[in-house]
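Asker: Sequence:
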Amino acid sequence: MDKFKLSCTLNGHEQDVRSVVSPFNETIISGSRDGTVRVWQEDEAKGWSTPAITGVLAFNSPDNSFVNSVTYVDNGNEPLVASGGKDCIIYLSDLNPEANVAGSMPEEYVKYQLVGHESNVCSLHHQGQYLISGSWDATSKVWDLESMSVKFNLTGHESSVWDAKVVDASKDIFLTCSADRTIRKWLGDREIWSIPGHGDVIRKLLILPGGKQFASCSNDCTIKIWDLETGRALQTLTGHDSFVYDLGILPNGDIVSSAEDRTVRVWRDGNVIQAITLPCISVWCLGVLPNGDFVVGGSDNKLRIFSRESSRIAPAEELKEFAESVQQSSIAEQSVDDLKKTDIPGYDALSQPGKQEGSTIMVKNPNGTIEAHQWSGGEWVKIGDVVGSAGNSGGKQEFDGKQWDYVFDVDIEDGAPPLKLPYNTNENTYAAAERFLAANELPATYTEDVVRFIMKNTGGVELGQQSSSSDNPYADKHPTPPPAQANTNLSVIPQRQFIFFKDFKSDQLIKGLTKFNEEQEAENKFANEEISQIKSNLSILNSKEALELITIYLPKIFNKWSEKSRLIGYDILRISVPRVTTADLLRSTDAAEIILNAVNSGLKVVNGSNLPLFMMLLKVLNNLVNNTLFIQLYITANDNGSVLYNEFFDELLVRLTKLITSVSKDSAALQNKHFSTTVTTLATFVYNLSVYQLQNTSLKSNPASAKPVLEFATEVGEILVESSSEAAYRLVIGYGNYKFSKATIAPPKWIATAKDLYVTKSNEKRFIDLASDIQKL
Numbered sequence: 003m004d005k006f007k008l009s010c011t012l013n014g015h016e017q018d019v020r021s022v023v024s025p026f027n028e029t030i031i032s033g034s035r036d037g038t039v040r041v042w043q044e045d046e047a048k049g050w051s052t053p054a055i056t057g058v059l060a061f062n063s064p065d066n067s068f069v070n071s072v073t074y075v076d077n078g079n080e081p082l083v084a085s086g087g088k089d090c091i092i093y094l095s096d097l098n099p100e101a102n103v104a105g106s107m108p109e110e111y112v113k114y115q116l117v118g119h120e121s122n123v124c125s126l127h128h129q130g131q132y133l134i135s136g137s138w139d140a141t142s143k144v145w146d147l148e149s150m151s152v153k154f155n156l157t158g159h160e161s162s163v164w165d166a167k168v169v170d171a172s173k174d175i176f177l178t179c180s181a182d183r184t185i186r187k188w189l190g191d192r193e194i195w196s197i198p199g200h201g202d203v204i205r206k207l208l209i210l211p212g213g214k215q216f217a218s219c220s221n222d223c224t225i226k227i228w229d230l231e232t233g234r235a236l237q238t239l240t241g242h243d244s245f246v247y248d249l250g251i252l253p254n255g256d257i258v259s260s261a262e263d264r265t266v267r268v269w270r271d272g273n274v275i276q277a278i279t280l281p282c283i284s285v286w287c288l289g290v291l292p293n294g295d296f297v298v299g300g301s302d303n304k305l306r307i308f309s310r311e312s313s314r315i316a317p318a319e320e321l322k323e324f325a326e327s328v329q330q331s332s333i334a335e336q337s338v339d340d341l342k343k344t345d346i347p348g349y350d351a352l353s354q355p356g357k358q359e360g361s362t363i364m365v366k367n368p369n370g371t372i373e374a375h376q377w378s379g380g381e382w383v384k385i386g387d388v389v390g391s392a393g394n395s396g397g398k399q400e401f402d403g404k405q406w407d408y409v410f411d412v413d414i415e416d417g418a419p420p421l422k423l424p425y426n427t428n429e430n431t432y433a434a435a436e437r438f439l440a441a442n443e444l445p446a447t448y449t450e451d452v453v454r455f456i457m458k459n460t461g462g463v464e465l466g467q468q469s470s471s472s473d474n475p476y477a478d479k480h481p482t483p484p485p486a487q488a489n490t491n492l493s494v495i496p497q498r499q500f501i502f503f504k505d506f507k508s509d510q511l512i513k514g515l516t517k518f519n520e521e522q523e524a525e526n527k528f529a530n531e532e533i534s535q536i537k538s539n540l541s542i543l544n545s546k547e548a549l550e551l552i553t554i555y556l557p558k559i560f561n562k563w564s565e566k567s568r569l570i571g572y573d574i575l576r577i578s579v580p581r582v583t584t585a586d587l588l589r590s591t592d593a594a595e596i597i598l599n600a601v602n603s604g605l606k607v608v609n610g611s612n613l614p615l616f617m618m619l620l621k622v623l624n625n626l627v628n629n630t631l632f633i634q635l636y637i638t639a640n641d642n643g644s645v646l647y648n649e650f651f652d653e654l655l656v657r658l659t660k661l662i663t664s665v666s667k668d669s670a671a672l673q674n675k676h677f678s679t680t681v682t683t684l685a686t687f688v689y690n691l692s693v694y695q696l697q698n699t700s701l702k703s704n705p706a707s708a709k710p711v712l713e714f715a716t717e718v719g720e721i722l723v724e725s726s727s728e729a730a731y732r733l734v735i736g737y738g739n740y741k742f743s744k745a746t747i748a749p750p751k752w753i754a755t756a757k758d759l760y761v762t763k764s765n766e767k768r769f770i771d772l773a774s775d776i777q778k779l
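Be aware that the sequence shown starts at 3, since it is given in the numbering used here, and climbs by one per residue.
Read the hints as simulated data drawn from the structure, not as lab findings.
Keep in mind that the hints are not guaranteed to be accurate.
Capping the alpha-carbon separation at 27 Å, the derived lysine-lysine pairs in BS3-like fashion look like this [unchecked claim]:
(1) LYS757 x LYS709
(2) LYS537 x LYS504
(3) LYS606 x LYS558
Produce the entire structure from the sequences given, and follow the hints as far as they go.
Answerer: Here's what the structure looks like:
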């Protein structure tokens, strides 16, 4: 097998290259953090170059905002370049390098602007009449290129949509993946299925030849192959040692991947057949050329093309220079698992072949320096020296079993312990930020804030870089107001991230279920085989299993078990509701009725002595918001097409008002350890409804639809604000969201109470920031 070798290096970008695509053998399009989109043309005489001095096809925004996604749009006789980034706008620009002369204004090349996203546009893909985009605002949008407007708005993900693909434009089939670790398939704007795809943030999707399978890659270091029809996992590819960022498919069917471990890997039949190490920390993106070459972009601002074709391989001197640049790289010792310096062999170990393509070993050279070597193409290739990190005058700090240059304490929520943010000076600041956010299940919208925090507190020190942040390739040279405050668990107004309660431990649920089952009358008990089936469903808990729990097993608990035993039923309902897909709900005629009856019957027995039940019911209600079940239960449409909350919703709010009022007057309940969590969960319900108001187009277009929620908040606001700082904060965020959405609202009394308690008396910064933000609306 011929190995891929360097073909050429494209220099021009001034910061990380984040996205690249090659529609033709002689054309490459790239987007960068430097705020530019560049079109590279291959000339037989001159080789690869940009068509002008600056190489700028189009600025992504007047202030050079980061460009994070590009794609080629074959729009008939008008070929276009689509680009998106931090300023939330998608630009469709003329693909006409000849017109791109130095000194020209970028606006001359922008033909269309697609406005609709509310955060960074991180992915773009084109097929047929559609352009699909993914964004940090947790949505994907399908744009009709004839009308240049949104055809389908795909909502349902709980965090950033890192990638979105048009699977079949003729049938309106789409695929999305997210930082919420799920992959979802759509028919129009209707979700067909949702699967828990990986153990961490899912970065990229790849539709495989034939259209029956697709691949995904993740921060969990794996690549997975899936059945596109059913969402069934077929194969897991392991080999990368860090975040896998991008995927491509070669003409012969081989898969190519790029990652944070500095490598590009070529896969065939589930195995790595070649691993190429690059002299940069992050290999952010890759694109496959029609001729079978591929191009990668990285954190060293360069694009590199690799080829198997001998006529396109770089001259020997250039290959030698590339190899030396890889060998001169430094690898942090803490990034090497279980490194024991006393057990490292000498060069004689290199006489033995590697276990598999891409495997690495550490050897000690005669001078005592530890070197890393990688098995590539049947030989060991040096990929760098293993060194200790520099930068922290206080020495190494241990965290989570590893040594770090820095371990910062980050305050996320008042009254809660700070979160630990580990960082080494030789690693990519963005990778460190994303690792921290993923580990603590925080929104990806905080990424830029965490990066700025790291840069500020380390002086911008990076391996091989000056300490000045102006020289750092990851520094934001054109700062914009951050989308979130780093010291809060909710961002400033408007906030569009739902707060759900989905986590669970199946063993604990089964243990509780078994215990309560034994306490029931014989005729009301689950048989052993039923307990086994419930256990099996909980171990998988995809849509089908969740719907079975709701419709087959939970009614027995709600209708026949004693009141004190029903808590376990509502706990299972809590985790089942958000996992049921629209497709399965449309095939079920009784799920909505069962849930409505369960909620109503539960609220009837709630009082100050069983606060855990009240809290669990509130979590169920929170998890219903933005679910098709919520629409079935609590939304109605008028003849004119507008939507409103129905009488069941009005009745729900009346019950909740009476319950929280009654509980707040119960002295024993006020002393209960669950009281604070209960009021916070109720405040979260108001907050989630405000997010739903912002995201639901029909509700947003009818501000009067917010009236029942606003009246409810007015009724219970004083209780929530006085009971808990966190409840007050979430309630005020909700108020700000409604004000932002233009809902008619007069400042309720509890707003003044919150200001007095948490601004005037407590001087809490998050409330000060929030008050200032609301004042501007």
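Asker: So, for every hint listed, does it hold in this structure?
Answerer: So, going through the hints one by one against the coordinates:
In summary, the hint linking LYS757 to LYS709 is supported, as the alpha carbons are separated by about 23 Å, within the 27 Å threshold. Note on LYS537 and LYS504: the hinted pairing holds, with a Cα-Cα distance of about 17 Å set against a maximum of 27 Å. A C-alpha spacing of about 18 Å is found between LYS606 and LYS558, which places the hinted pair at or below 27 Å, so the restraint holds.
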